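With the hints as constraints, model all of the structure from the sequences given.
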Amino acid sequence: MSQHPDLSELDAFAAVARHRSFRKAADERGVSASALSHAMRALEARLGVRLLNRTTRSVTPTEAGHQLLATLAPTLQQVADALTQLTSLQDVPAGKLRLNVARPAARAVFAKVLGPFVARYPRIQLDLVTDDGLTDIVSGGFDAGVRFGESLAGDMIAVPVGPPQSFVTVAAPTYLAAKGIAQVPRDLLDHACIARRFPSGKLYAWEYQAEGQPIRLSVTGPLMLEDDALMIQAAKDGAGIAYVYEELARDDLRSGYLTELLAQWKAPPSRFFLYYPSRRHVPPALKALIEFIRADDWLT
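Once you know that position 171 of the sequence shown is 171 in UniProt numbering, the rest is easy, because the numbers rise by one and skip nothing.
Keep in mind that the hints were calculated from the coordinates and are not lab data.
Quick caveat: nothing in here was measured; it's all calculated off a predicted structure.
Among the clues, some could well be false.
[Stated by the list, open to error] No farther apart than 25 Å at their CA atoms in a straight line, the calculated lysine-lysine pairs in the BS3-like style are these:
{"hint": "1", "residue 1": "Lys266", "residue 2": "Lys202"}
{"hint": "2", "residue 1": "Lys112", "residue 2": "Lys96"}
{"hint": "3", "residue 1": "Lys96", "residue 2": "Lys287"}
{"hint": "4", "residue 1": "Lys96", "residue 2": "Lys24"}
{"hint": "5", "residue 1": "Lys236", "residue 2": "Lys266"}
{"hint": "6", "residue 1": "Lys179", "residue 2": "Lys236"}
{"hint": "7", "residue 1": "Lys266", "residue 2": "Lys179"}
{"hint": "8", "residue 1": "Lys112", "residue 2": "Lys287"}
Laid out in structure tokens, this is it:
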């Protein structure tokens, strides 16, 4: 009679099926992709059924794989919750904490959090993945994510992170001397603007406000970028006008490498939020991070 698979093998299968990638599942589990692929073939041979369809570009569950995953998912969650309850009895929070964080939030807020948090909780292993897409943190195996509030799903618990964040419109003095200064938002349509692109490919409409009414402007220019650091550098080099997080441009504004435009038209600031699914048992490591963020000790 064939030996039944153990829990670790089933959990490994669930990770591959969830990510639809051996590499991503292997990274999550701290093993090599080849070792994980070999383990899945051994599992299929033991069960006598194919669980995964493999091509050179993708991995997808078979019908049998979908059925097994649907049965396993709640059971594995129950096991995780039970282990969380046990871990919560520890005096010092410990364990791995996986976060999916928008890159601007990682640079503007979490760069200040990491050192103080790790110093206070040395037994927590913080795995922070920067990602500007609207990732499903549950299917991705993350404990929590960080995004702007307007990007959050309604069924998530959200905790504000850091101070309110504003966007600023900036350009190099050399660019402004050659091309002139935009006096009102619509003037940007006659300038070389450095467009902000979402991972989906959609371009972000720059936001302003006049007499309490929002203005959204679709701009064009020679560059389409998705990283604030690149936008700021391109603006400093005179490539055009950029629309970036004020926190990330502050040093260059102070030093004179960049000049702010349209300050009187600036849209109201927004907040980043740490969000996580509503669960009966919040992992101790995540609870420690939430309490740490709420205390604001890291801001001083």
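The hints, checked one at a time:
1. At roughly 22 Å between alpha-carbon atoms, lysine 266 and lysine 202 fall within 25 Å of each other, so this suggested pair holds.
2. Simply put, lysine 112 and lysine 96 have alpha-carbon atoms about 20 Å apart, close enough for the 25 Å limit, and the pair holds.
3. Taken as a hint, the lysine 96 and lysine 287 pair is honoured in the structure, with Cα atoms around 12 Å apart against an allowance of 25 Å.
4. For the given pair, lysine 96 sits about 16 Å from lysine 24 by alpha-carbon distance, which is consistent with the 25 Å threshold.
5. The straight-line distance between the Cα atoms of lysine 236 and lysine 266 is roughly 21 Å, inside the 25 Å bound, and the hint therefore holds.
6. Pair hint lysine 179 plus lysine 236 holds up; C-alpha atoms about 14 Å apart against a cutoff of 25 Å.
7. For the given pair, lysine 266 sits about 21 Å from lysine 179 by alpha-carbon distance, which is consistent with the 25 Å threshold.
8. Between lysine 112 and lysine 287 the CA atoms are separated by roughly 19 Å; this keeps the pair inside 25 Å, and the hint holds.
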